[in-house]
Amino acid sequence: MPIESIFLPDEGLQGEDIPSHIIWKDMNYSNIRIIFPPILRLKEIYNVNEDQWVMNKNTLTIKGVEVDGYLGLLFESLRSDEEKEKYGEIDYRFINTENKIIFQTKKSIRLFRPFIFLEDVPQSINIVFPNKEIDKKIKLTNSGEGTAIIGIETTEKSEIRKKQSKIVEDFMSEFIKDLEKEILQLKEEFSAYSQFLDTFFLYEKEPKWEIKEFADEAEQIMEKDKEFFYAFAQSFARAIMNNIHIDTIIESFISYLDSVATNKILIYNPLDVIEVSETPKRIDLKVLQKDLLMKEYDPMEIPTIVISANMRDIIELHRLFEWGGSNGS
Amino acid sequence: MEAKDVSAALEVAERIYKALFEVSKITSQEIRVKCPDNIGEYSLAFEIRRGMLGLKRVVKRKIPFYHPDLRRVSMHSAPLMKSESDAIVYTENGFEILLDKLSKDTDTFWATIEYDIKDKNFLNDLVQRDRQTESISETEHKYWMHAQLKNLRVLQTNYGRLDLQDVDFFVDVAVHQDVKTKIPKPFTEDLEIIARWISEKEREKKQKLSMEHLRHQRAKRYGGREQEVLSDLQELFLPDHFCNFIDVTSPFHYSDCKRGPEFYDTIPYPTFPKAMKVISRTDLNLDKPASEGMLVYKKKDFV
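Keeping their order, the protein sequence lines are chains Y and V.
The first sequence begins at 1 in my numbering and counts up one residue at a time.
The second sequence begins at 330 in my numbering and counts up one residue at a time.
Hints in this document: simulated from the structure, not taken from any laboratory.
On a predicted model such as this, the values are computed, not experimentally measured, just so you know.
Glycine is no exception: its CB is placed at the ideal position from the N, C-alpha and C atoms.
Certain hints may be false.
Claimed, not checked - Coverage of chain Y stretches by chain V, computed from C-beta distances (three or more under 8 Å per stretch; other residues unrestricted):
1. 39 to 51
2. 143 to 157
3. 303 to 311
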């Protein structure tokens, strides 16, 4: 068999890079033709000179490779706004000088994604404390196979605004004070990293939804300068240890469990709470969503809901939700 | 699709080749890159020139190899593979081979020279690494891994073929949902009471919560051991424990695992990881320009 290895993964998350390769021996061919589905876009070709390949719609024709016996490919899989899963097939062909197919094989791939939708939204919600009994809930379902990471936010026009839980709020305010002092000292010692330290402090003070780029930069700096890394880690640990208590640990543990709403929905901000009272008030919510590639999907606006309770108290925002669908628990 | 070069891995080899070429005939050579440490290992067999050219050996008493990235050298003589370490002298800038100290009963030697590859992007420029971000199967989670060379031609160097050894792969194995499955519901309920008790300022309410907590403690077998249970749960994510639930298929092999990013990353202290970072490795070379493997997380055994 002249083909030694041919690879295409059988599944992947929409938006993920999809690699493929063919390795062969003693194949007398004139060109290689790769026909790929519209859900994939060619990103890279390996072991082929620039002038040795042409693209015509979704067909890639390779006249020759640099070192015989190997062709490497990298595709970008495209996200679909409408479909929660998509199937595609790649057709690999070796063609001889007489334009006849001397080898052909097909490989298929399934691309999935999270697919969140609102199943039910009550017009009003009533909460009974102390057991936090809620008469009607907002039903959110992920019918896709991909995990959805969601953040629940109150909008600008909302009468009720979300805030952090008291324990975490207290922890954060004390921690930020200590961290500021530590950062000042670090800046004196490692002035070259002043800008980085300022940005880091800003991120800690006001955690952002988008942090990946900064995290990459941080990783590079820490990798490069071990002395700075150890000093930085010590300062950070000191600021945490001075302020962490058993209550913060327990609270965050409970929130961790709450954050795993179902198999396929993770709540990004399970510690956020709202204050409710006997006076009915409007709440306007939006759900931010991203997948495990950390790529965002369009936020979902939830129609206005009126909330009241038997007494003034706080409740975690995510408790207003229930999770439907076959993935639900 | 731009061709990347491997000059970072060849610079030292080139210097060594030139120095040895003056006094010997190089009969075989290869470069191996130890990827985890970004170390190049240049191995070569050579025959010291005797006879007319042997004059050089008289004139030139040592072969200097000066380069800041050199780490260590080992040398043996053929056919008995006798160590020739006496002929090697380390200097501030590198090392020297003292020709007079080499065994006189043979002309054939084998040297291996290790050096640092300073270009940290060397491997990324040469190898495309992809892995599955999310696995969806029920009983065990499978993650495909794939490594392929971006440029095969550059591995055919003037200094022998270049092999990449132990190319590393980092796969985030999702564990967040499994922690939830492992924790009994009454335990969580009791923790919630404790949390409410801590934050409650009113005396009467605090007393009520104390009673509720006591009732829970009497009813449950882990009563009063909440901290212990929390600590046991953390141990699940120690690499020595977690590695028992991981299988990596050939030609990849398991190397290590570590605690991945925390689930709740907007607070700075550790809670529980959303994933474990599993490190696997594979080799790539001219004969094997691409490698595919599977990492299996035996989720059912873990939970």
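Okay, the hints, checked on the actual structure:
1. 39 to 51: Coverage by chain V holds here, the residue count being 6 at a Cβ distance below 8 Å.
2. 143 to 157: holds (count 3)
3. 303 to 311: Since 0 is below three, the answer is violated.
The structure shown violates just one earlier hint, number 3.
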